[in-house]
Every structure is written in C-alpha cells, then in structure tokens.
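Generate the whole structure from the sequences, applying the supplied hints.
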Amino acid sequence: MSAGRRRLGPASLTAATWVVAILFVFPLIWMVITAFKQEADAYTDPPKIAFTPTLDQFASIVERGFLPYLGNSAFVTVLSTLIVLLLGVPAAYALSLAPVPKTSNVLGFFLSTKMLPIVAAIIPLYVISQRTQLLDNVWALVILYTAMNLPLAIWMMRSFFLEVPTEMIEAGRVDGATLPTLLYRVILPVVAPGIAATALICVIFSWTEFFYAVNLTAARAGTVPVFLVGFITSEGLYWAQLSAAALLASMPVMIVGWIAQNHLVRGLSMGAVK
Amino acid sequence: MTAVAPTVASGQKVEAKPVKRKGPNPWMRRAPLLPALLFTIVVTQIPFILTVVYSFQSWNLVRPGSEHFVGFRNYIDVFADSQFRGAMLNTVVLTVVCVFVALVLGLGLALLLDRKFLGRGVVRTLLITPFLILPAAGALLWKTTMFDPTYGLLNFVFGGDTDWLSEFPLASVMTQIVWQWTPFMMLLILAGLQSQPKDVLEAAQVDGAGRWRTFASITLPHLSRYLQLSVLLGAIYIVNSFDAIFLMTQGGPGTASTNLPYYIYQRAFQGFDIGQSSAMGVIVVILTLIVATFALRLMFRSFDVSKGVAK
Numbered sequence: 011m012s013a014g015r016r017r018l019g020p021a022s023l024t025a026a027t028w029v030v031a032i033l034f035v036f037p038l039i040w041m042v043i044t045a046f047k048q049e050a051d052a053y054t055d056p057p058k059i060a061f062t063p064t065l066d067q068f069a070s071i072v073e074r075g076f077l078p079y080l081g082n083s084a085f086v087t088v089l090s091t092l093i094v095l096l097l098g099v100p101a102a103y104a105l106s107l108a109p110v111p112k113t114s115n116v117l118g119f120f121l122s123t124k125m126l127p128i129v130a131a132i133i134p135l136y137v138i139s140q141r142t143q144l145l146d147n148v149w150a151l152v153i154l155y156t157a158m159n160l161p162l163a164i165w166m167m168r169s170f171f172l173e174v175p176t177e178m179i180e181a182g183r184v185d186g187a188t189l190p191t192l193l194y195r196v197i198l199p200v201v202a203p204g205i206a207a208t209a210l211i212c213v214i215f216s217w218t219e220f221f222y223a224v225n226l227t228a229a230r231a232g233t234v235p236v237f238l239v240g241f242i243t244s245e246g247l248y249w250a251q252l253s254a255a256a257l258l259a260s261m262p263v264m265i266v267g268w269i270a271q272n273h274l275v276r277g278l279s280m281g282a283v284k
Numbered sequence: 012m013t014a015v016a017p018t019v020a021s022g023q024k025v026e027a028k029p030v031k032r033k034g035p036n037p038w039m040r041r042a043p044l045l046p047a048l049l050f051t052i053v054v055t056q057i058p059f060i061l062t063v064v065y066s067f068q069s070w071n072l073v074r075p076g077s078e079h080f081v082g083f084r085n086y087i088d089v090f091a092d093s094q095f096r097g098a099m100l101n102t103v104v105l106t107v108v109c110v111f112v113a114l115v116l117g118l119g120l121a122l123l124l125d126r127k128f129l130g131r132g133v134v135r136t137l138l139i140t141p142f143l144i145l146p147a148a149g150a151l152l153w154k155t156t157m158f159d160p161t162y163g164l165l166n167f168v169f170g171g172d173t174d175w176l177s178e179f180p181l182a183s184v185m186t187q188i189v190w191q192w193t194p195f196m197m198l199l200i201l202a203g204l205q206s207q208p209k210d211v212l213e214a215a216q217v218d219g220a221g222r223w224r225t226f227a228s229i230t231l232p233h234l235s236r237y238l239q240l241s242v243l244l245g246a247i248y249i250v251n252s253f254d255a256i257f258l259m260t261q262g263g264p265g266t267a268s269t270n271l272p273y274y275i276y277q278r279a280f281q282g283f284d285i286g287q288s289s290a291m292g293v294i295v296v297i298l299t300l301i302v303a304t305f306a307l308r309l310m311f312r313s314f315d316v317s318k319g320v321a322k
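Residue numbers (this note's numbering), protein chains in the order written: chain A, 11 to 284; chain B, 12 to 322.
Errors might be hidden in some of the hints.
[Unchecked claim] Below, in silico cross-link-like pairs of lysine-lysine (DSS-like), each with a Cα-Cα straight-line distance of 25 Å or less:
| # | chain 1 | residue 1 | chain 2 | residue 2 |
| --- | --- | --- | --- | --- |
| 1 | B | K127 | B | K209 |
| 2 | A | K112 | A | K124 |
| 3 | A | K58 | A | K284 |
| 4 | B | K209 | A | K284 |
| 5 | B | K127 | A | K284 |
Rather than coming from a laboratory, the hints here were simulated on the basis of the structure.
None of these values were measured; they are calculated from a predicted model.
This is the structure we're talking about:
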C-alpha cells in the first residue's frame with residue numbers, strides 16, 4: 011500500500027474502466043456511425059471507418075413512413091403516463107401517508123400483476139380487441155400501458171411519500187393547515203421530484219414496449235418498435251437505414267433515461283432501492 | 012388468477028371527495044386508492060380469467076364457432092408436446108444463464124464504477140445506454156451488424172465465417188439479452204455498493220484488512236440483498252423474453268431458440284390454436300406465481316416495506 015502503487019493503480023484502473031465501457035457500448039457506437047453511412051459503405055469487409063457522412067438514411071426512413079409511428083408512440087406514451095399519474099399519485103398516498111386497512115395486501119396485489127407473464131394475457135386481449143374495434147387502435151395500447159406501469163408507479167411514488175418528514179406534516183397540522191393546504195404546501199413540494207422521476211420511468215417502459223404493440227397493432231396504430239419489425243421482412247440489406255431508424259426510435263428514451271438516471275434504480279426496483 | 016387479489020366490495024363505490032383525515036369512515040380513506048385498484052383489477056385480472064376459460068376449450072381462431080368445451084384435453088396435449096417441453100427447457104436455460112452472466116458482469120462493472128475517477132459520470136451514462144435503447148433496435152442491430160456471417164463485426168474481429176444465429180442460436184439470443192440487462196444489474200448493485208456505511212469500510216482499513224478481505228467479509232454480505240433483488244427482478248423480466256427471439260431467430264432454426272413466450276405466440280397467432288396456447292399460458296402463470304411468491308416475500312422482507320403499512 012505504498013503511495014506510488016496507489017497512484018498507479020487507480021490510473022490504470024481508470025483506463026481499463028474506459029476501455030471496458032467503450033467495448034460494452036460498441037454496438038451502439040457502431041449504430042451511430044452506420045446511421046450516417048450510405049448503404050454501400052454500411053456492409054463492407056473490412057468494415058469502413060472512413061466515409062463521407064450523409065443524412066440520406068434519415069430521409070429514407072421518413073419516406074418509408076416513420077413519422078406516423080413516431081406520432082403513435084408519442085401519443086400512447088404521453089397519454090398513458092398522464093393516466094398513470096392521475097390514478098397512481100392518490101393511490102400511493104392512500105398506501106403511505108394515510109394508509110388504508112390491509113395496505114400490504116394491496117401493495118402485494120399490485121406487485122403481483124407485474125410478475126404475471128403478459129404472454130398468458132395476450133390471447134384474450136387479442137380476442138377482446140377484435141370484438142371491440144380496438145385492434146390496431148392506439149387506445150388499446152394506452153389502456154394496457156397504463157395497467158403495465160401503474161403498479162410500478164404506485165410502488166415508486168409510495169417510497170417518495172414515505173420520505174416526507176412526519177415532523178413537517180405535524181407542524182403543518184399544528185399551524186391549523188387544512189388537508190388541501192397540507193397536501194399542496196407541504197407534501198407536494200417534497201414529492202414533486204419523485205412524481206417527475208416516476209413519469210420518466212413510465213415513459214421509458216411505454217416507449218420501448220414491444221409485445222403488446224407487435225401483437226395488437228399494425229400499420230394504423232403501430233408504435234416505433236412495430237416500424238422496426240419491417241426491417242426483418244424487407245428484402246436485401248438496409249443496415250444504414252436500420253441504424254438510422256434504431257437511432258431515431260431510441261433517441262427519446264435515451265435522453266429521458268439520461269435525465270432520469272439518478273432515479274432509474276428506484277424505478278427499476280419499484281422504490282425498493284434508493 | 013392472482014393469489015393475493017384482495018376482495019373489493021364493488022357495490023360500495025364511494026363517489027365523495029376524499030377527506031383523507033383519520034375519519035371514522037374507512038371508505039373515505041380508501042377513496043383515493045379505489046380508481047387505481049379497480050382499473051388494475053379489471054385490466055389485468057379479466058384477461059387471465061378468460062385465459063383459464065379458453066384453456067378448457069377447443070377453439071381455432073380461423074374457424075369461428077368452432078369452440079367447444081373439452082375439459083383437460085388441451086393440458087394433456089400440451090404435456091405430451093415435446094416442442095412445449097423443449098421450449099420450457101430453453102426458457103429455463105435462457106433465464107438462468109442470462110441472469111447469472113448479467114449479474115456477474117453487472118457486479119464487475121459496478122465495482123469499477125464505485126470509485127472516483129475521471130469521467131465517471133460519462134462512463135456510467137454510456138454503460139446504462141444499452142438498457143435504454145429500444146430492445147427491438149438492440150436485437151436487430153446485433154442480428155445484423157454484429158452477428159452477420161459476412162459483414163458482421165464479430166467475424167471481422169475473431170476471423171472465420173461463423174453463422175452465429177444458425178450455429179449458436181440460443182447463445183446468440185442470450186448474448187443480446189445479457190448485453191441489454193447487464194446495465195440493470197449494474198445499477199442495482201452500484202446502489203448497494205454506495206449505500207455501504209463509509210465508517211465501517213474505513214474501520215476495516217484501519218484494522219489492516221486488505222481489499223479482498225474487506226470485500227469478502229463486509230461488502231458481499233451487505234450486497235447480498237441487492238444481489239437477491241437483482242436476480243429476482245431480472246428473472247421476472249428475462250423469463251418473458253420475446254423481442255430478441257422474435258427479431259433475431261424467430262425461434263429457429265427449427266425450435267432451437269424457442270422459449271415459452273415465443274412458442275405460445277406461435278401457437279396462438281400462427282397456429283390459431285386458442286385452446287392449447289391458453290393452456291400453455293395457464294401453465295406459465297402457475298410456474299411464474301411460484302417464483303413470484305418468493306419475490307414478493309423478498310421485497311417485503313428486505314426493504315422494510317412494512318414502514319407506513321397499516322396492520
């Protein structure tokens with residue numbers, strides 16, 4: 011443990027960490043590079059590093075009808091997230107600061123719905139959608155994504171509600187604050203960042219959802235993952251186009267995820283890990 | 012279909028604005044909860060009940076009116092189906108291997124990140140990105156730019172002209188899934204590492220404990236609940252893997268990389284056999300519930316969920 015060894019150790023460890031990180035995300039770095047290539051430069055042996063960058067591929071995927079899919083994704087994601095917050099915030103409150111009887115049973119029920127495999131529900135959902143004109147309809151996804159994210163949001167927001175110091179609430183009560191005032195002036199400011207973080211997590215899960223989207227929607231209500239499926243059936247190689255589409259489709263969630271990264275753990279563990 | 016569904020007296024719907032103070036009427040307290048609870052029960056439980064109903068019927072989707080009650084015959088057929096057993100085995104292999112490898116890699120990356128160094132924030136952001144991109148995008152990129160036998164980067168780096176997806180279909184799919192889920196494990200474990208009490212670590216150093224000694228006798232025991240949680244949550248997601256198989260191998264060649272979600276999807280949407288695919292769905296739910304019971308218990312036990320719980 012001499013001073014010299016300690017200094018050398020961290021320096022090489024830092025270099026090693028960087029190398030590992032870059033290797034690990036290399037498929038993504040390659041995606042970004044390929045997105046700016048012409049198709050002819052995209053599949054060469056050996057792979058090309060030097061090429062003239064172009065935006066042609068982005069233009070082609072827009073031509074292929076990418077924008078309506080993007081619109082569907084945005085609609086479904088924003089709307090289902092809003093409904094989740096609308097239903098989830100009061101529910102989380104009733105499971106934390108003003109707990110209802112049998113709170114842990116209710117929490118357990120919400121959690122258990124997350125654990126049930128969606129493949130077991132898809133058949134009736136398909137049949138029901140077919141009979142109610144919800145097949146290839148964005149509203150089917152809005153409803154299903156709300157149900158998918160609601161348990162997670164309740165668990166996550168509950169953990170934020172529980173962080174409101176009880177002294178603050180008591181002090182408010184002593185000062186004679188009514189419940190609405192208490193909620194608005196004392197509790198909301200503390201949990202607001204938590205609500206925002208929860209919304210971002212819901213956005214990520216709705217945007218990336220694949221199974222419901224691919225089984226229940228097609229050309230009319232398809233979301234961005236459905237657009238990407240078009241690339242496995244297309245004739246020939248369209249790697250540059252695929253990379254451009256993958257980049258564009260992933261960009262919104264990448265940005266949201268980077269913004270929310272300090273709360274990501276909390277969302278992924280449903281509030282269990284801070 | 013859910014073991015822990017609470018009973019809700021739906022007749023007693025409360026329309027009044029909640030007062031939310033410790034009032035004498037418990038329905039006032041329940042009011043903020045009810046919309047979310049009712050919505051979740053309707054949307055998540057009804058499909059499962061219908062799946063059970065369908066599983067006792069013979070029903071082909073392309074022959075309307077063909078449905079009739081057949082009792083347990085679908086279940087008997089499913090268990091006699093060697094492809095179903097193969098898919099079950101693939102699901103177990105895929106889940107166990109992916110969770111374990113992602114956990115080990117995630118632990119390694121978390122340990123690398125659990126110190127101050129130049130560009131730590133950037134490295135962390137880079138490392139979580141595979142988890143953030145669309146899984147569909149990740150699967151297609153691996154299928155083409157990485158695994159392609161002629162122009163893929165893997166063969167460029169390692170030489171040869173291996174057709175990864177047909178020679179090692181399950182391993183290729185697992186590679187993509189591990190790549191996607193390692194950041195998830197890393198984040199959970201990193202949170203565990205950073206929640207270690209600093210004074211204990213310093214005390215160990217003062218007492219002359221080496222790095223490995225400190226890791227083995229202080230860090231690992233502290234991490235254990237985080238590791239357990241990572242395994243369980245990871246398993247819940249990975250057991251449902253569908254995107255990668257659908258997009259990379261379509262379950263093939265043959266059924267070499269078919270897991271249960273993909274097999275059920277095939278039987279339902281390509282074979283149109285609603286009865287049998289529903290029976291498979293019910294079996295998957297039962298298996299999942301067994302695992303989920305452990306997961307629930309762990310969530311409640313190790314993370315002090317009881318805080319703020321009435322009764």
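For the pair supplied as a hint, K127/B and K284/A, confirm whether the alpha-carbon distance does not exceed 25 Å.
holds, 20 Å
Mind checking the alpha carbons of K209/B and K284/A for me, to see if they're no more than 25 Å apart?
Judged against 25 Å, a Cα distance of about 17 Å means the pair holds.
Would you check the hint for K58/A and K284/A, treating anything up to 25 Å between C-alpha atoms as holding?
Since the Cα atoms of K58/A and K284/A sit roughly 44 Å apart, the hinted pair is violated (cutoff 25 Å).
Holds or violated: K127/B with K209/B, Cα cutoff 25 Å?
At roughly 14 Å apart (the allowed maximum being 25 Å), K209/B and K127/B satisfy the hint.
Between K112/A and K124/A, is the straight-line Cα distance small enough, at 25 Å or below?
Given that 25 Å is the threshold and the Cα spacing comes to 19 Å, the pair holds.
When held up to the earlier numbered hints, the structure conflicts with hint 3 and nothing else.
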